[in-house]
Amino acid sequence: MPLSTRPFGRIGQTPTAIGFGAWAIGGTWGEVTDTQAKDALNAALDAGMTFIDTADVYGDGLSERRIAQVLHDRSGPRPFIATKAGRRSNPHTADSYNLANLTAYIDRSRANLQMDTLDLVQLHCPPTEVYGDAKVYDALDTLKAQGKIAKYGVSVERIEEAMTAIQRPGVTSVQIIFNLFRQRPAGQFLAAAKAANVAVIARVPLASSLLTGKMSAASTFAADDHRSFNRNGEAFDKGETFSGV
Numbered sequence: 001m002p003l004s005t006r007p008f009g010r011i012g013q014t015p016t017a018i019g020f021g022a023w024a025i026g027g028t029w030g031e032v033t034d035t036q037a038k039d040a041l042n043a044a045l046d047a048g049m050t051f052i053d054t055a056d057v058y059g060d061g062l063s064e065r066r067i068a069q070v071l072h073d074r075s076g077p078r079p080f081i082a083t084k085a086g087r088r089s090n091p092h093t094a095d096s097y098n099l100a101n102l103t104a105y106i107d108r109s110r111a112n113l114q115m116d117t118l119d120l121v122q123l124h125c126p127p128t129e130v131y132g133d134a135k136v137y138d139a140l141d142t143l144k145a146q147g148k149i150a151k152y153g154v155s156v157e158r159i160e161e162a163m164t165a166i167q168r169p170g171v172t173s174v175q176i177i178f179n180l181f182r183q184r185p186a187g188q189f190l191a192a193a194k195a196a197n198v199a200v201i202a203r204v205p206l207a208s209s210l211l212t213g214k215m216s217a218a219s220t221f222a223a224d225d226h227r228s229f230n231r232n233g234e235a236f237d238k239g240e241t242f243s244g245v
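Quick note on the numbering used here: the sequence shown kicks off at 1 and runs consecutively.
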């Protein structure tokens with residue numbers, strides 16, 4: 001049975017409702033070999049998935065490069081690829097979301113993915129004040145005018161950030177945590193996004209494997225797996241790991 005598809009807001013695409021989250025094939029989920037990564041992505045594409053989500057910091061670009069390698073060896077239509085930018089900044093501050101940095105990050109992703117124009121670039125969970133900063137969106141508009149990105153959106157930690165972002169005319173998508181544990185988006189936000197014709201990408205849908213039915217209280221993880229080192233938000237927002245449960 002073919003996978004169902006859904007309109008993707010103003011982006012003008014109709015990808016499969018289930019996509020391939022490529023964080024694990026880049027890093028911080030324990031060891032994933034090159035063969036395992038490619039087999040997983042090929043299995044998803046063979047099943048009919050036409051949407052891939054990645055980021056430039058997943059394995060310091062390894063996720064993006066592995067995606068490019070798999071697609072290079074396949075024939076047929078290319079899936080829609082969403083990547084993210086901004087988390088490479090160190091320190092990760094609001095003022096690091098500027099044209100110079102975003103240009104450098106996006107050029108790097110273009111090289112990693114072997115794409116002249118990126119389908120969708122999302123601000124990668126920046127500090128809250130970034131979502132309301134006109135200068136950041138001006139920078140993204142510049143990159144779009146240069147042909148380096150086709151569309152842009154945001155990835156958020158909080159509903160309030162999402163509500164701010166969808167007021168911006170250039171924001172075409174919002175990626176937000178949504179699963180059985182995290183239901184708040186089902187209220188005001190989803191209705192507002194629909195009214196604005198903004199695509200919604202549900203992330204952490206299985207709560208970092210907690211909802212797969214394959215884990216128990218005795219489950220353990222490798223030291224380089226974020227489910228070990230970020231269990232309580234030690235490295236980044238704890239909502240990214242087990243949805244903060």
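Don't take every hint at face value.
[Claimed, not checked] Straight-line alpha carbon distances no greater than 20 Å define the calculated SDA-like cross-link-like pairs of lysine to any residue that follow:
#, residue 1, residue 2
1, K38, P77
2, K214, L180
3, K144, P91
4, K148, K194
5, K144, L99
6, K194, G213
7, K148, N197
8, K148, L180
9, K214, G30
10, K194, G30
11, K148, I159
12, K148, D116
13, K194, T142
14, K214, N179
15, K144, P77
16, K148, K38
17, K38, M115
[Said to hold, decoys possible] Each pair of labels, with its calculated beta carbon distance range:
#, residue 1, residue 2, range
18, M215, Q36, 27 to 35 Å
19, L3, N101, 22 to 30 Å
20, R10, N232, 23 to 31 Å
The set of hints was computed from the structure by calculation and includes no laboratory data.
No experiment lies behind these values; they were computed from the predicted model shown.
From the three backbone atoms N, C-alpha and C, an ideal C-beta is built for every residue, glycine too.
**Message:** For the hint 27 to 35 Å, verify it against the beta carbon of M215 and that of Q36.
**Reply:** violated (19 Å)
**Message:** Would the hint linking K144 and P91 be met if the CA-CA limit is 20 Å?
**Reply:** Since the Cα atoms of K144 and P91 sit roughly 26 Å apart, the hinted pair is violated (cutoff 20 Å).
**Asked** Can the restraint linking K214 and L180 be considered satisfied, given a maximum Cα separation of 20 Å?
**Response** holds (16 Å)
**Message:** Hinted pair, alpha-carbon criterion (20 Å max): K194, T142. Please report holds or violated.
**Reply:** Given pair K194, T142 is violated - Cα atoms ~26 Å apart, limit 20 Å.
**Message:** Check the hint pairing K194 with G30 against an upper bound of 20 Å on the C-alpha distance.
**Reply:** Since the Cα atoms of K194 and G30 sit roughly 37 Å apart, the hinted pair is violated (cutoff 20 Å).
**Distance restraint between K194 and G213, which requires alpha-carbon spacing of 20 Å or less** = violated (32 Å)
**Request:** Could you grab the alpha-carbon distance between K38 and M115 and see if it respects the 20 Å cut-off?
**Result:** holds (19 Å)
**Item:** Pair hint K148 and K38, alpha-carbon separation not exceeding 20 Å
**Value:** violated (26 Å)
**Message:** Against the 20 Å threshold, does the CA-CA distance of K148 and I159 hold or violate the hint?
**Reply:** violated (29 Å)
**Message:** Against the range 23 to 31 Å, how does the distance between the Cβ atoms of R10 and N232 compare: consistent or not?
**Reply:** violated (38 Å)
**Asked** Holds or violated: K148 with L180, Cα cutoff 20 Å?
**Response** Violated - the C-alpha atoms of L180 and K148 are around 36 Å apart, more than 20 Å.
**Request:** Measure nothing beyond the straight line between the CA atoms of K38 and P77; if it is 20 Å or shorter, mark the hint as holding.
**Result:** Cα-Cα ~18 Å, so holds.
In this structure, the hints that do not hold are numbers 3, 4, 6, 7, 8, 10, 11, 13, 15, 16, 18, 19, 20, in rising order.
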